[in-house]
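J.: Could you build all of it, start to finish, from the sequences and the hints given here?
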Amino acid sequence: MLTKAWCQCWMKKPQFLSFLRPITTIPHTFLPTDYVYLKNRELHALIKGRDTNAAFSLFHNMPLRDTVTYNLIISGFREQPEHALRFYAQMGSLGIGESSTTFSSVVAVCTKAAFFREGVQVHCRVVKLGFSCNVFVGGALVGFYTRMGLSGVALELFDELPERNLAVWNVMLRGLCELVSVKLEDLLGFYSRMRFEGEEPNGVTFCYLLWECGNQRRLHEGKTIHGCVWKVGVVESNVFVANALVDFYSACGCLVGARKCFEAIENENVISWNSLVYVYAENSLLCEALEVFSVMQLWGRRPSIRSLVGFLNLCSRSGELCFGKQVHCLVMKMGFDEGSVHVQSALIDMYGKCRDIEGSVAVFECLPKRTLECFNSLMTSLSHCEAVEDMVELLRLMVDEGLVPDEVTISTTLKALSVSALSSFTSFQSLHCYALKSGLGGDAAVACSLMDAYSRCGHVDLSHRIFESLPSPSAICFTSMINAYARNGMGKEGIAVLQAMIKRGLKPDKVTFLCALSGCNHTGLVEEGRVVFESMKSLHGLDPDRRHFSCMVDLLCRAGLLYEAEELLLQAPGKRDCFMWSSLLRSCRVHKNEEVGTRAAEVLLELDPDDPAVWLQASNFYAEIGKFDEARKIREVALARKMTREIGHSLIEIRQ
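Residue 76 in the UniProt record's numbering sits at position 76 of the sequence shown; the count goes up by one each step and never skips.
Possibly wrong hints are sitting among the right ones.
[Said to hold, decoys possible] Derived pair list, reagent style DSBU-like, types lysine-lysine, alpha-carbon separation capped at 35 Å: (1) Lys223 - Lys183; (2) Lys537 - Lys592; (3) Lys510 - Lys260; (4) Lys415 - Lys183; (5) Lys183 - Lys507; (6) Lys369 - Lys48; (7) Lys369 - Lys503; (8) Lys333 - Lys437; (9) Lys415 - Lys507; (10) Lys223 - Lys325; (11) Lys231 - Lys183; (12) Lys492 - Lys510; (13) Lys507 - Lys492; (14) Lys627 - Lys223; (15) Lys369 - Lys333; (16) Lys333 - Lys260.
Think of the hints as simulated: they come from the structure by calculation, not from any bench. Quick caveat, the model's predicted, so the values are computed rather than measured.
T.: Take a look at the structure:
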């Protein structure tokens, strides 16, 4: 059994339960049990009132303690995990027996503090004393292993429980939702199993399911869950479920459904109003968001952090610096700028995305406490403003202040370095080594950034090695690998990765197909490019946009299929694109096609008459086909307009 295997594994270690050392030794003297009972009640009152100093003083002066005493003091110090574990150590050293409440509290402490080793040792103690079948202890252990990312272990423990209550089901459901690669079908299957075994879901259950449906943009499945919610009848009684429905429909882009769910709430509270404001703001509907925001305040509802973060995110996307400053003033007026990490990060990000880097730095320097989230937001802002040298300095400052860079830090730094003049193979290797040492090498974002960085240096073999090391690569990881092959002119390998991705049941998106087409373009795979382009609509239901048409036109032009390229170019959606016509004209020069080239030159001069490169390209084309008078006229017009081309530059890295 799983529990025996874990126990045998950890019992072999000589340091088993080594953290269980007493802090003091208090001699036992007999006192009436009524006295202990009264002291426990007094201790409970102090802990309930959050007076931990008085509680510790009372506990320390008690000459006799029982299991309840230690359960109370461990529970009271759960926010201070080291102290809580010392109390548990003292309890074991004095021979006071643990109860199911003891183990539930201690495991909860290890879960919250991410104490993996201590948690596993407590699990061994649970097995030894025969508490593994207790539903409360078992539920706590399931929550512990899901928190540690060991969902497989948690699921085995869950299956071994002889009985399960609703809380245990919800803990396991939450653990599955937190998995990055979880399939919604598996989640719904777990929910069906729950119903089959006779357990009725509650509001928490539906919140988890709706949250995951929203994350995966699965509108149909979410509507099914909505039907179950109405059938059970928890919408009227549970405002969290009502708000989860609003969030779900907004995440799926169904604002009508979100509004209907909001209007169906009989007594709208602060959470409901702020949810709707956030929904409109996240969908860039500023007027609607401001209208709801104003009505909310007229009804006496106080704006929450969520509404303000929604407005700040909207400003970040749209570049509305003036409105962002107004929101900043409201944030300061309401006092959210000092205590909320979310607001602080959103402010830094807003100023950076609006290219006011001085504003980002000013907010950062005024913070009462610099957190990792705020450092990451400032790094993103610096990256957006292409201040890569400052990013490197900020990374050093972060380490100097004792903060440990996380996956966001590493990924952001890699992305910024890979597209800057400071990029070098050595810097990528250094960040890669740090990611491996800190256990971040398997993170999807870090892995994708590393694949992209190495491929830009021409080391596509290292990108492939990173991709192969991922236990369960996501669609984004597959896309990064296809892009790495495309960048290095390995179109066939990119097509093979695309086919492997589809075989795994992962759905490629428009970016995936764009990378595959780019690989075909760089390698000259015309037939493969046609198949990929046509399969977007026919097999995957994706409409090619201008980027896909541009890539396909360039592929046909390079192959000399100019008439087919012109025909496809005319089918491209939206306005005519200068880049595509330029590609067509360039290919007409190479393949000496005067007919198509003349039409392309005329269109190109109409599309972008202010670009000197366009005039030069058209002039060169007419000169090469023998129309020297036309070429001379175009050059004279360009000179009259005083057009000049920017001089390009390139960098190489020299190994010394």
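J.: What are the numbers of the hints the structure violates, in ascending order?
T.: Numbers 7, 8, 10, 14 - these are the hints that the structure violates, sorted from lowest upward.
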